[in-house]
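Novice: Mind docking chain B on chain A? Use the hints.
In order, the protein sequences belong to chains A and B.
Here the first sequence is numbered in my numbering, starting from 6 and rising by one per residue.
Here the second sequence is numbered in my numbering, starting from 6 and rising by one per residue.
No lab work stands behind these hints, which were simulated from the structure alone.
Please read all numbers here as calculations on a predicted model, not as lab measurements.
One thing to keep in mind: the hints can contain errors.
Heads up, the list lumps identical chains together, so a pair's fine if it works in one copy or across two of them.
To be verified - Keeping only pairs whose Cα atoms sit at most 20 angstroms apart, straight-line, the calculated SDA-like set for lysine to any residue is:
id	residue 1	residue 2
1	58	109
2	58	37
3	25	47
4	75	63
5	83	9
6	25	38
7	58	10
8	25	43
9	71	102
10	122	139
11	58	108
12	58	13
13	25	39
14	83	13
15	58	9
16	141	63
17	25	42
18	58	138
19	122	42
2 protein chains.
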Amino acid sequence: MADEASFQFLHNEVIQYIYKSADSGDTEHGGDISTLENMGCRVGQGLVERLTKDTARFKDELDIMKFVCKDFWTCVFKKQIDNLRTNHQGIYVLQDNKFRLLSQLSAGKQYLEHAPKYLAFSCGLVRGALSNLGVKSIVTAEVSVMPACKTHITPLSSNQRQDTFYSFQYLS
Amino acid sequence: MADEASFQFLHNEVIQYIYKSADSGDTEHGGDISTLENMGCRVGQGLVERLTKDTARFKDELDIMKFVCKDFWTCVFKKQIDNLRTNHQGIYVLQDNKFRLLSQLSAGKQYLEHAPKYLAFSCGLVRGALSNLGVKSIVTAEVSVMPACKTHITPLSSNQRQDTFYSFQYLS
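Just chain A, same shape as in the assembly:
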């Protein structure tokens, strides 16, 4: 219980510090979500390097996603993702019904407006992990009722970009 708390408390302190910098008008470094997201990205990159040190090569993108849902999520948040879905057009949705970084906030919809700053770090975390596994992607998060959280992953694979290109060609 308390074992994983040091990470969580430190994460809260970081949010407070960054938003305090923003309030004091330090626009260059503080305040925006992207600072937190970039921090998360670098932490994700480092973590995934350690985690995959002795694992076999991944078969495909879905295999990588399963690794993120199980091993990676357990390493950081001490539980697995509860549900992984894909629309088979390249978008993945990871659902965590009790997301640890939101578990200290009051459950329900009351503090929903504060959710984004508690999700930015974890979005970056996933983006960084995936990028070091060769999957460049856009990662966003969505909360409708705390502490459940959905993470959307849209990989920017070369295939997909080609698809988009072709469909544009068809349109013209």
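Specialist: Then chain B, alone, in the frame of chain A:
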């Protein structure tokens, strides 16, 4: 191995962020050791509240120090303090022969000048934990060869202050 790494990586990011703020001339929020130390203090306060939820009341100050060396240190750094010493005049020295927050730096004396910023957080951590256990104290750290670290704790107990007062009286 990788399980505890998320805390460590986040800690490194925080140091980088705070020192980048300092370099850009944001003197109000960034840069000095005390920012990191204060962060550590609040994290320590939070952690010790969780950790002591179900423990019995401590007998005395030494009992509290033993708790910090064993349970508290293990919770954050995944190992116990290697050696606890006291001069029986109220000063405690906690020696960790392989301090986790220094373990990513090159061992030896080469990067000794960078040690202070990697120690500030843990000093605050101990100060915060002790203050919530009723021991107000001054906490400093000392490194002579990485990754070994000595943490010095000087409690500001009322008795001691009285002692100092009396000894001053004797002197005059």
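Novice: Confirm or reject each hint.
Specialist: Evaluated hints:
{"no.": "1", "hint": "58 to 109", "verdict": "between (33 angstroms within a copy, 17 angstroms between copies)"}
{"no.": "2", "hint": "58 to 37", "verdict": "neither (33 angstroms within a copy, 36 angstroms between copies)"}
{"no.": "3", "hint": "25 to 47", "verdict": "between (22 angstroms within a copy, 15 angstroms between copies)"}
{"no.": "4", "hint": "75 to 63", "verdict": "within (14 angstroms within a copy, 40 angstroms between copies)"}
{"no.": "5", "hint": "83 to 9", "verdict": "both (8 angstroms within a copy, 11 angstroms between copies)"}
{"no.": "6", "hint": "25 to 38", "verdict": "both (13 angstroms within a copy, 17 angstroms between copies)"}
{"no.": "7", "hint": "58 to 10", "verdict": "between (26 angstroms within a copy, 14 angstroms between copies)"}
{"no.": "8", "hint": "25 to 43", "verdict": "both (18 angstroms within a copy, 14 angstroms between copies)"}
{"no.": "9", "hint": "71 to 102", "verdict": "within (17 angstroms within a copy, 38 angstroms between copies)"}
{"no.": "10", "hint": "122 to 139", "verdict": "neither (27 angstroms within a copy, 34 angstroms between copies)"}
{"no.": "11", "hint": "58 to 108", "verdict": "between (31 angstroms within a copy, 18 angstroms between copies)"}
{"no.": "12", "hint": "58 to 13", "verdict": "between (25 angstroms within a copy, 18 angstroms between copies)"}
{"no.": "13", "hint": "25 to 39", "verdict": "both (15 angstroms within a copy, 16 angstroms between copies)"}
{"no.": "14", "hint": "83 to 13", "verdict": "both (11 angstroms within a copy, 16 angstroms between copies)"}
{"no.": "15", "hint": "58 to 9", "verdict": "between (23 angstroms within a copy, 16 angstroms between copies)"}
{"no.": "16", "hint": "141 to 63", "verdict": "within (15 angstroms within a copy, 52 angstroms between copies)"}
{"no.": "17", "hint": "25 to 42", "verdict": "both (17 angstroms within a copy, 16 angstroms between copies)"}
{"no.": "18", "hint": "58 to 138", "verdict": "within (12 angstroms within a copy, 41 angstroms between copies)"}
{"no.": "19", "hint": "122 to 42", "verdict": "within (9 angstroms within a copy, 23 angstroms between copies)"}
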